[in-house]
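Engineer: Sequence:
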Amino acid sequence: MPLNWKKAELDSSKTLEKLVAAHAESIEPGLKILDANLLLGDTAVDLVGIDAGNVLVLVELGVTAGADMLLKMLEAYAWCLDHPDAVRRRYPMARIEPGWAPRVFFLAERLPESFLRQVKYLVFPEVECVEFRYLESNGTFAVYFHPVERLRRPARPTPPVPVPAPKAEAPPPAVATATVAPRQPAPVTVGPVKAPHLGEGSDLSRQWRKFLKQAETTFAAAKMRPVREYLQAAFPLCTVHDFYEASRPAQVFHVLDAAGQLVHQVVLVEEFLARHADEEIPAFLESQRLADTLRRAGHAAVLVTTAGLQVERQ
1 MPLNWKKAEL
11 DSSKTLEKLV
21 AAHAESIEPG
31 LKILDANLLL
41 GDTAVDLVGI
51 DAGNVLVLVE
61 LGVTAGADML
71 LKMLEAYAWC
81 LDHPDAVRRR
91 YPMARIEPGW
101 APRVFFLAER
111 LPESFLRQVK
121 YLVFPEVECV
131 EFRYLESNGT
141 FAVYFHPVER
151 LRRPARPTPP
161 VPVPAPKAEA
171 PPPAVATATV
181 APRQPAPVTV
191 GPVKAPHLGE
201 GSDLSRQWRK
211 FLKQAETTFA
221 AAKMRPVREY
231 LQAAFPLCTV
241 HDFYEASRPA
251 QVFHVLDAAG
261 QLVHQVVLVE
271 EFLARHADEE
281 IPAFLESQRL
291 ADTLRRAGHA
301 AVLVTTAGLQ
311 VERQ
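In terms of the working numbering, the numbers along the sequence shown are unbroken and rise by one, the last being 314.
The set of hints was computed from the structure by calculation and includes no laboratory data.
No false leads were slipped in.
Computed beta-carbon distance windows for the label pairs:
#1 V63 <-> G99: 29 to 37 Å
#2 L38 <-> V252: 36 to 44 Å
#3 L10 <-> V269: 53 to 61 Å
Idealized CB from N, CA, C, for every residue including glycine.
With the sequences and hints as input, model every part of the structure.
Structural biologist: Right, here's the structure in full:
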């Protein structure tokens, strides 16, 4: 007898949690659910698991996806980034490395277009949007999962390798057709050249000192990327802008909200950049809990020095 499937009603959110936990492999091979209703920060995430690569997975469930699911996920996501040691203690099997981020799953019976548009502008490294159908036929129940949107942050393009231009061949030497007696050059007397004054008060001195100071700091340009990535992961709804400030001297990072208003600012002093290699910077920022300090400092600048963090009060 053929089965005629029809939509079944879920009696509670607990039923949905149990269905997803029991059929996680149907969503993605290797996905395992470890916890339900886990309190992370000020909110409880519906499900927590790990994927086939032992990366932590946060799952938010609902009937119709909306802004409340986004806000709950943002709080849980930010808490995990700010407290990697606590996450590591609870889930020792999870792969948590410097610069890590959990994966995000939104699973609902209906995913409106407005919700999918909002998700695209969140700076999560990976987002999975999945619809489900709970079906029944002659007393037999089944659940069906349908991936709707899979978002990945694009990898940074590899800069092209410069190819040296071929050397131009020298033209053949010209053949002299007549012998010309060389002229004796007239003697030229060159007087002493006065060097330009580079004292502290001269404009030329200030311009050259500023130019040379900027030239000295170009070695730190490669170290800006891990700092930007850390701040972007900690504040996914904001944009990050950085610039060199010669008066400190230091590299300054501004975290701006959606309206372009300044939310946080970080100042990396030159001595810190000189003493730390590129790969050491993310671990140092994590150990000093820079994101927490920025939230407490508000608009005040947070200085990153070799000794640690310092809030610069106006």
